[in-house]
Every structure is written in structure tokens, then in C-alpha cells.
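Novice: With these hints in hand, go ahead and build the complete structure from the sequences.
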Amino acid sequence: MSQHQADTVEPRPRLSIVIPAYNEGDSVDELLAEVFGVIDRNGYVGEVVIVDDGSSDDTWPKLLAYGAHEPRLRAVRFRRNFGQTAAMVAGLDHARGEILIPLDADLQNDPNSIPDLMAKIDEGYDVVSGWRRDRKDYFLSRRLPSVIANRLISWVSGVRLHDYGCSLKAYRREVLDPVNLYGEMHRFIPIYASWTGARVGEAVVHHRPRKYGRSKYGIMRTFKVVLDLLVVKFLGSYGTKPIYFFGGLGLIFFIASFLTAAYTLYAKYVDHVFVHRNPLLIISIFFALTGIQSLFLGLLAEIAIRTYHESQSRPIYAVRSRMNIELSDALRK
242 MSQHQADTVE PRPRLSIVIP AYNEGDSVDE LLAEVFGVID RNGYVGEVVI VDDGSSDDTW
302 PKLLAYGAHE PRLRAVRFRR NFGQTAAMVA GLDHARGEIL IPLDADLQND PNSIPDLMAK
362 IDEGYDVVSG WRRDRKDYFL SRRLPSVIAN RLISWVSGVR LHDYGCSLKA YRREVLDPVN
422 LYGEMHRFIP IYASWTGARV GEAVVHHRPR KYGRSKYGIM RTFKVVLDLL VVKFLGSYGT
482 KPIYFFGGLG LIFFIASFLT AAYTLYAKYV DHVFVHRNPL LIISIFFALT GIQSLFLGLL
542 AEIAIRTYHE SQSRPIYAVR SRMNIELSDA LRK
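Remember, our numbering sits 241 above the position in the sequence shown when you count from 1.
One thing to keep in mind: the hints can contain errors.
Said to hold, decoys possible - Cβ pair distances, simulated, as ranges:
1) LYS377 x THR481: 39 to 45 angstroms
2) LEU541 x SER562: 39 to 45 angstroms
3) GLY399 x ASP299: 16 to 22 angstroms
4) GLU271 x ALA360: 40 to 46 angstroms
Said to hold, decoys possible - Derived pair list, reagent style BS3-like, types lysine-lysine, alpha-carbon separation capped at 30 angstroms:
5) LYS377 x LYS303
6) LYS474 x LYS361
7) LYS474 x LYS452
8) LYS452 x LYS361
9) LYS377 x LYS482
10) LYS465 x LYS452
11) LYS361 x LYS303
12) LYS377 x LYS361
13) LYS303 x LYS452
None of these hints come from the bench; they were simulated from the model. C-beta atoms are modelled at their ideal positions from N, C-alpha and C, and glycine is treated no differently.
Specialist: Here it is as C-alpha cells:
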């Protein structure tokens, strides 16, 4: 390689800031100015990867205009709205840094908190979760459900954090590579990382009132999070051996069937209750059939989990176009 070529080779960034964006045309210029200001002031070798999640406003044209004079901005545009988790996965797939920091695009996450996360990473943590201790949201509709959800998630998972819902987190790349995300699973990355032996910590981050637009999340998101939590618990405890869960459930139903059948016989010969008049007979048959179904569900789940581990490699998003991204980077896992 010539000296001129060596001088012009772009250094691999240490830090990648990943930003999912959906209809954030009002805030995107201000956001990028803040983020690149943090990168420059702290001397980070970094990049910003922003994913337009099928926006219907001027988010993408503004990204193109900004990227025309800022090569450290890399952007991906979806064909339609796939949701925050898919957008975050796309950003992580296209990021090149050793440290990955997701950030919301609505300006409520303060980019000036990024150095606090990086300081914890430099202390040796693999995952650093932001904690919006002074959260600027409505109490009843946002903060109270968040407190309840965080305590529930911490109790179920055993990974105790104050603020699972905060998007502002820092990850070492190696803890994210084996993680596949679906639904609202991005908030549970610290759990997956902890289960693989990662060192998980917290840092207090600054949270700001919403400046533009309104929240895109409603009460249904809380319901989805609860369902995803059930999935996380199941995968953590029985992800590699689902037959243990379904087989155990089937055993419970078989025992219940045996006990109700035994009591039906007792009632016939001791209390002289005719079997065809005893509803416990129907309940006993129901329990037995449910136990058989649970057992076969376990066998089917075993087949499915083996198929997944051996052959599943399907993306959960479709890209319309890219900017400042080589095809080889886009195809890299």
C-alpha cells in the first residue's frame, strides 16, 4: 500500500451510535449536530448509524442532505415501518464500532450522557444500561407503568436494573453478536448478555422533556412487553430443552387426571354417586387429554428448536436503500 493510500484509509471506529428514527424530520438535524458534537469534543473515533424506519415525513431527505457533508453519518432506509426493534437490529448490523450505543431520535435521550456510559465501559463492563433517574414524562401514563415493569422484569430475569426501557445503553460488540431480536426484545439485551456471562452495570443519564411531536407508544406496548418477558423467561429457562417445560406441564395434568378419576371411583363405591352423573369424570378426561397435548407440544417444540439452531438465518427487515455503506459491510453478520 502506498503512503497516500495509507493516509486516506478510513480508521475503523471504536464507537458506533445507532439511532432508529420514525417521522423525526423536526429533530434529526438538531440531534445529529448534538451527537457529532459529543464525538468531536471527547475525541472519539466514531460514527453514527441512523435507520429510517419507513418514515412518511422528510426524515430521509434531511439525512441525505446531512450525509452529503458528513461521511461519518451512515444511514439505512426501510421499505416500510418495521418497528423499533427491527430498526435497532438493522443499525447494529450496519455498525462497525467495537462499542455500540443505541439512542432515541426524539431528543429526550441526552447525547451528552454518552461519555458517562463510555466511562463505565472503560471500567470493564460489557453492558451499561442508562438509568433515567429524573425522567421527564407523565407520571401515571409513563413513569408509574415503567417502575412496575422494571421491578417485574428484574424479579423474573434475576438481572436487577432500574430502567430497562431506556434506549440509551452501551454494549461491547461481542455480547451482541449472538443475540437475535424480535418483537420488543431490544430492551431485554442486558438479560441475554448476563446469561452469557457478561458484566452488566448502570449509569445515570440525563432525560429531557419531549421537544417535538408526541410519543409513538401507547398502552399496547406495555402489553407487548409483558408477553415478550414471558418469552424471555421461557427461553432463558427452557430455550434449549422445551420438553422439560411442556413435559412437566403434561405431568401435572396427568396427576390431576388420576386424582379426579380416583375420586370419581371413590364417590361411586362409597357414596354411591353414579359415574355418569359425576362431572369429575369429564374433568378427569379433560386433564388426561390436555396432558397428552402438552407432551406432544413439547416434542414439536424440540423439533422446532433444533431446526432453528441448525438452519434459521432469516432477517427481520428489508432495506430500500443505503448511504455511505459498502455492500460488504451490509452483508457482514
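Novice: Of the numbered hints stated previously, which ones are contradicted by the structure, given in increasing order?
Specialist: 3, 4, 7, 9, 11
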